[in-house]
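Protein sequence lines, in the order shown, are assigned to chains L and W. Residue numbering for the first sequence follows the working numbering, starting at 3 and increasing by one per position. Residue numbering for the second sequence follows the working numbering, starting at 3 and increasing by one per position.
Treat each hint with caution, since some may be false.
From chain W, some residues computed to sit far from chain L (all C-beta separations above 10 Å) [as the list claims (entries may be wrong)]:
1. Ile-12
2. Phe-22
3. Thr-26
4. His-30
5. Ile-39
6. Ser-47
7. Phe-64
8. Leu-74
9. Gln-93
10. Tyr-98
11. Ala-109
12. Asn-112
13. Thr-125
14. Leu-152
15. Glu-159
16. Lys-162
Only pairs whose alpha carbons sit at most 35 Å apart, straight line, appear in this in silico DSBU-like list of lysine-lysine [as the list claims (entries may be wrong)]:
17. L/Lys-88 with L/Lys-6
18. L/Lys-17 with W/Lys-81
19. L/Lys-115 with W/Lys-158
20. W/Lys-163 with L/Lys-163
21. W/Lys-7 with L/Lys-17
22. W/Lys-115 with L/Lys-115
23. L/Lys-81 with W/Lys-160
24. L/Lys-81 with W/Lys-7
25. L/Lys-7 with W/Lys-84
26. W/Lys-88 with L/Lys-6
27. L/Lys-158 with W/Lys-163
28. W/Lys-81 with L/Lys-88
29. W/Lys-160 with L/Lys-7
30. W/Lys-115 with W/Lys-88
31. L/Lys-84 with W/Lys-88
I should point out that these hints are in silico values taken from the structure, not numbers from a laboratory. Cβ coordinates follow ideal geometry from the N, Cα and C atoms, glycine included.
There are 2 protein chains.
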Amino acid sequence: MNLKKYIRDIPDFPKPGILFKDITPLLHHPQAFAYSIDQIVQQYSNTPLDYVCGIESRGFIFASTIAYKLNLGFIPIRKVGKLPGKTQSIQYQLEYGTDELQIHEDALQNNDKVLLVDDLLATGGTMYGACQLVESLGAQIQGCAFLVELAFLSGKEKLKKWPTFSLIEFS
Amino acid sequence: MNLKKYIRDIPDFPKPGILFKDITPLLHHPQAFAYSIDQIVQQYSNTPLDYVCGIESRGFIFASTIAYKLNLGFIPIRKVGKLPGKTQSIQYQLEYGTDELQIHEDALQNNDKVLLVDDLLATGGTMYGACQLVESLGAQIQGCAFLVELAFLSGKEKLKKWPTFSLIEFS
Chain L
3 MNLKKYIRDI
13 PDFPKPGILF
23 KDITPLLHHP
33 QAFAYSIDQI
43 VQQYSNTPLD
53 YVCGIESRGF
63 IFASTIAYKL
73 NLGFIPIRKV
83 GKLPGKTQSI
93 QYQLEYGTDE
103 LQIHEDALQN
113 NDKVLLVDDL
123 LATGGTMYGA
133 CQLVESLGAQ
143 IQGCAFLVEL
153 AFLSGKEKLK
163 KWPTFSLIEF
173 S
Chain W
3 MNLKKYIRDI
13 PDFPKPGILF
23 KDITPLLHHP
33 QAFAYSIDQI
43 VQQYSNTPLD
53 YVCGIESRGF
63 IFASTIAYKL
73 NLGFIPIRKV
83 GKLPGKTQSI
93 QYQLEYGTDE
103 LQIHEDALQN
113 NDKVLLVDDL
123 LATGGTMYGA
133 CQLVESLGAQ
143 IQGCAFLVEL
153 AFLSGKEKLK
163 KWPTFSLIEF
173 S
């Protein structure tokens with residue numbers, strides 16, 4: 003299935019000069035959405051896993067569905083101030099300035115095996131921060147999965163410590 | 003399955019005096035999460051539906067998984083400024099002040115049949131706004147589904163124009 007035809011380019015979003023890859027047509031199309039989930043799930047069907055972590059907000063769409071399909075629990079990694087319990091935080095670098103992600107302290111224990119999921123791999127900064135959060139709780143990262151990878155931004159290089167998979171690659 | 007034991011009370015979140023219902027233990031538990039999804043899906047297995055709309059952010063977790071399981075497309079309803087294409091907007095009332103939701107203009111057409119999903123029904127203001135957005139595009143609302151309902155806040159009364167279902171009720 004040619005998934006690229008369900009991703010549309012939106013120029014100058016969120017800022018002038020940026021060509022945004024909009025995945026909403028893929029989500030909108032039942033077969034394209036289901037096929038995407040099934041392909042990512044198949045990638046991890048033989049990997050020992052305890053939890054799937056999703057990164058707010060679009061990451062939740064894929065991570066929760068993959069968790070359901072793999073019969074695993076789902077753990078949200080959220081923007082600062084959104085999680086109600088005791089959290090671990092990490093600041094990470096953006097193109098301009100920094101941002102912060104949080105995870106519940108009690109969400110993971112030593113040696114829990116984790117798959118992290120987000121919709122898009124660009125420079126890898128967000129996923130790098132999420133991986134550091136997961137490892138700070140003693141868990142083992144078994145994989146980082148993305149629907150879309152912008153390969154020209156070299157995010158895989160930044161994430162080279164961990165096994166990374168992306169379903170749709172733009173070069 | 004007694005799902006209430008997977009929902010924990012967090013006092014004074016997000017503000018002093020509010021007792022927050024934290025659903026992350028339910029998401030964390032594979033059987034509780036899967037059972038919740040399956041129970042909501044079963045509720046709509048005989049309802050004619052074209053799309054499932056999820057409300058950012060926690061609504062995405064349930065709406066996307068329910069869409070996948072029902073072989074339907076998923077449509078995100080997001081906070082202002084997050085959707086990259088042309089949008090319809092709606093302002094809705096909060097306890098103090100207003101907030102705004104958006105949907106892509108081309109996400110729905112006349113007479114499309116829609117299920118809206120969110121994690122929590124409190125006063126119903128957010129879902130009421132989302133329903134108005136969906137109807138502004140000419141679509142038909144076949145149901146509003148929630149994981150948790152705080153029945154003492156009378157959200158169902160506010161949503162009485164549409165068929166509403168909640169899996170876990172706190173009275």
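These are the hints, each one checked on the structure:
| no. | hint | result |
| --- | --- | --- |
| 1 | Ile-12 | 4 Å, violated |
| 2 | Phe-22 | 5 Å, violated |
| 3 | Thr-26 | 6 Å, violated |
| 4 | His-30 | 4 Å, violated |
| 5 | Ile-39 | 6 Å, violated |
| 6 | Ser-47 | 16 Å, holds |
| 7 | Phe-64 | 8 Å, violated |
| 8 | Leu-74 | 5 Å, violated |
| 9 | Gln-93 | 20 Å, holds |
| 10 | Tyr-98 | 17 Å, holds |
| 11 | Ala-109 | 7 Å, violated |
| 12 | Asn-112 | 16 Å, holds |
| 13 | Thr-125 | 19 Å, holds |
| 14 | Leu-152 | 15 Å, holds |
| 15 | Glu-159 | 27 Å, holds |
| 16 | Lys-162 | 29 Å, holds |
| 17 | L/Lys-88 with L/Lys-6 | 40 Å, violated |
| 18 | L/Lys-17 with W/Lys-81 | 17 Å, holds |
| 19 | L/Lys-115 with W/Lys-158 | 40 Å, violated |
| 20 | W/Lys-163 with L/Lys-163 | 53 Å, violated |
| 21 | W/Lys-7 with L/Lys-17 | 45 Å, violated |
| 22 | W/Lys-115 with L/Lys-115 | 40 Å, violated |
| 23 | L/Lys-81 with W/Lys-160 | 30 Å, holds |
| 24 | L/Lys-81 with W/Lys-7 | 26 Å, holds |
| 25 | L/Lys-7 with W/Lys-84 | 22 Å, holds |
| 26 | W/Lys-88 with L/Lys-6 | 21 Å, holds |
| 27 | L/Lys-158 with W/Lys-163 | 49 Å, violated |
| 28 | W/Lys-81 with L/Lys-88 | 25 Å, holds |
| 29 | W/Lys-160 with L/Lys-7 | 40 Å, violated |
| 30 | W/Lys-115 with W/Lys-88 | 21 Å, holds |
| 31 | L/Lys-84 with W/Lys-88 | 28 Å, holds |
In terms of the numbered hints stated before, the structure departs from hints 1, 2, 3, 4, 5, 7, 8, 11, 17, 19, 20, 21, 22, 27 and 29, listed from lowest to highest.
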